[in-house]
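Participant: Okay, here's what each chain looks like letter by letter:
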Amino acid sequence: MSVALVDLGCGNLGSVAMALERFGETPLVTSNPEQIAAADRVVLPGVGAAGYAMDRIDALGLAGTLKSLRQPVLGICLGMQLLFEASEEGETACLGIIPGRVRRLESSKGRPVPHMGWSRLKVSDPNIGLREGDYVYFAHSFACDFGPATRASAEYGRDIPAIISLQNFSGAQFHPERSGEAGARFLQAWLSA
Amino acid sequence: MPSRRIIPCLDVKDGRIVKGVRFRDHRDAGDIIDQALRYRNEGADELVFYDIGASPEGRSLDLEWVGRIARIIDIPFTVAGGIRNRDSAAACLDAGADKISINSPALERPELIGEIARDFGSQCVVIGIDSMAVEGGHAVKQYTGSPDAARDSGRTTLDWAREAAARGAGEIVLNCMLRDGVRQGYDINHVREVAEAVDIPVIASGGAGALEHFRDVFLLSSASGALAASVFHDRLIAIPDLKEFLAKCGIEMRL
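Protein chains in written order, with my numbering: chain A, 19 to 211; chain B, 3 to 257.
Hint data in this document are derived by calculation from the structure and do not stem from the laboratory. Careful: at least some of the hints might be erroneous.
For the chain A half of the interface with chain B, some residues (derived, Cβ under 10 Å), not all of them [stated by the list, open to error]:
hint	residue
1	S33
2	R40
3	G42
4	T44
5	V65
6	G66
7	K127
8	G128
9	H133
10	W136
11	R138
12	Y153
13	A157
14	H193
With a cut-off of at most 25 Å between alpha-carbon atoms, the simulated SDA-like pairs for lysine to any residue come out as follows [as the list claims (entries may be wrong)]:
hint	chain 1	residue 1	chain 2	residue 2
15	A	K127	B	G170
16	B	K15	B	D150
17	A	K127	B	M3
Listed below are several chain A residues computed to face chain B (Cβ distance under 8 Å; list not exhaustive) [what the hints assert, rightly or not]:
hint	residue
18	A37
19	R129
20	P132
21	M134
22	F156
23	H158
24	S159
25	G201
Note that beta-carbon positions come from the ideal geometry of N, C-alpha and C, so glycine has one too.
With the hints as constraints, model all of the structure from the sequences given.
Facilitator: Encoded structure:
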């Protein structure tokens, strides 16, 4: 199976690539539209700011390619947020594949922002490799709207989508590559779906 | 709130894990990969690796071991030591580190915090603060990696914590220097005042010696995590026992 890891040039592809390698995959790190379109699986990772990432997608001419993909696509953290319509982070228009917006988390006493650490999941889809009560690792200041695409969520002031899925597009707000055994189960299920 | 984090800190020197007392007199504490795997398997929530030679020797940290850790570890880890600019931070993140921790270089040039946060996000920028109790409060020390170079930064801890957060830091590790390595408990009042002064996560560091010390810092402050080194390296406290104890005390733990 071929896995394309989309390289937006905003860093930290390493940990996702290494996680895929732990499952015996050899991801192709690429920003080439033909290579992305030809892969069996596409992973859109991302750290950093939504505006910068969308600028990179536009500069690389990837928006059309990403939207038209029919194979399983997984956005991780910022990569998941980019699948939505728009982000409050820099008032950025995103890919618009998943209905809804991305909003800033509000801090409160005992609930600092970024939401950083291991939070418990509520899981509504039995086919994503995750179990009710699994702890997974989050590190984010913005979160997607809760909606029909939500498959698992975590509580942080509000219910925040942890896993979303719509047709062939999935997203993980947490970092499966850094979420121990639970994260490995999720990645394994996505790779074999 | 997410589960409170238990974070072993591993000091690295010449590719080996070492541990000193009050930032001095380092002795060997094992192979870096063996130790990383051991703590991951025992249930550590996160690891911090601090290249203690980098800053005093005027170099950036050794990327070779960062990549080796990233390859085998499936929990988050932070690296620290000698990260002086955006590009050295980028190199650590590219090598697979989840977060970078900056201390003295951020004091020298606070704009560095915003430069890294803007390109890579606040969630990967940790500010380490070496805080020393002084008359009337706490002061930030600089260049503590080398006893000869250590000096006052001229800032109070509370002011610096607030400024770092405002500039885009995503987390603070508060090292209470007088407590480091002496196992008398965390400086709970100080951790609490810093955690209340900022709205980003604060990690308590320095002083862990017993299970109750972790319990107290979690019950009496809003610290997001507790960092410790010698009690874990010397096997005085086993992480599974610690997490089970804290869970029984009503503190949310990832078990």
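Participant: Hint by hint, say whether it matches the structure.
Facilitator: Okay, the hints, checked on the actual structure:
1. A hinted interface residue such as S33 (chain A) counts as satisfied when its beta carbon comes closer than 10 Å to some beta carbon of chain B; here the least separation is about 5 Å, so the hint holds.
2. For R40 (chain A), the suggested interface contact is upheld, since its CB lies about 7 Å from the closest CB of chain B, less than 10 Å.
3. Proximity of G42 (chain A) to chain B is violated relative to the hint, the smallest CB-CB distance being about 14 Å (cut-off 10 Å).
4. With 10 Å as the threshold, the beta carbon of T44 (chain A) stays out of range of chain B, its nearest partner Cβ sitting at about 14 Å, so the hint is violated.
5. A cut of 10 Å between beta carbons decides the hint on V65 (chain A): the least distance to chain B is about 5 Å, and the hint holds.
6. Interface hint at G66 (chain A): satisfied, since its Cβ lies 5 Å from the closest Cβ of chain B, which is below the 10 Å cut-off.
7. This hint holds: K127 (chain A) has a C-beta 7 Å from the nearest C-beta of chain B, less than the 10 Å allowed.
8. Because the beta carbon of G128 (chain A) sits about 5 Å from the nearest beta carbon in chain B, less than 10 Å, this interface hint is met.
9. A hinted interface residue such as H133 (chain A) counts as satisfied when its beta carbon comes closer than 10 Å to some beta carbon of chain B; here the least separation is about 7 Å, so the hint holds.
10. Among the interface hints, the one on W136 (chain A) holds; its C-beta lies about 4 Å from the nearest C-beta in chain B, closer than the 10 Å criterion.
11. A distance limit of 10 Å between C-beta atoms decides the matter here; for R138 (chain A) the minimum to chain B is near 8 Å, and the interface restraint holds.
12. Taken as an interface hint, Y153 (chain A) checks out: its beta carbon lies about 4 Å from the nearest beta carbon of chain B, inside 10 Å.
13. A hinted interface residue such as A157 (chain A) counts as satisfied when its beta carbon comes closer than 10 Å to some beta carbon of chain B; here the least separation is about 4 Å, so the hint holds.
14. Below 10 Å, beta-carbon pairs count as interface contacts, and H193 (chain A) has one with chain B at about 7 Å; its hint therefore holds.
15. Between the alpha carbons of K127 (chain A) and G170 (chain B) the distance comes to roughly 19 Å, so the proposed pair stays at or under 25 Å and holds.
16. With a CA separation close to 18 Å, the supplied pair K15 (chain B) and D150 (chain B) stays within the 25 Å bound.
17. For a cut-off of 25 Å, the pair hint linking K127 (chain A) to M3 (chain B) stands: about 10 Å separates their Cα positions.
18. Taken as an interface hint, A37 (chain A) checks out: its beta carbon lies about 7 Å from the nearest beta carbon of chain B, inside 8 Å.
19. The interface hint given for R129 (chain A) holds, since its Cβ lies 6 Å from the closest Cβ of chain B, which is under the 8 Å cut-off.
20. Annotation: P132 (chain A) was flagged as interfacial toward chain B, and the flag holds, the nearest CB pair being 5 Å apart, inside 8 Å.
21. The closest approach between the C-beta of M134 (chain A) and any C-beta of chain B is roughly 5 Å, which is under the 8 Å cut-off, so the hint is satisfied.
22. Because the closest C-beta pair between F156 (chain A) and chain B is about 7 Å apart, less than 8 Å, the hint holds.
23. Given the 8 Å rule on beta carbons, the hint for H158 (chain A) holds: about 6 Å separates it from the nearest Cβ of chain B.
24. Among the interface hints, the one on S159 (chain A) holds; its C-beta lies about 6 Å from the nearest C-beta in chain B, closer than the 8 Å criterion.
25. The interface hint given for G201 (chain A) holds, since its Cβ lies 7 Å from the closest Cβ of chain B, which is under the 8 Å cut-off.
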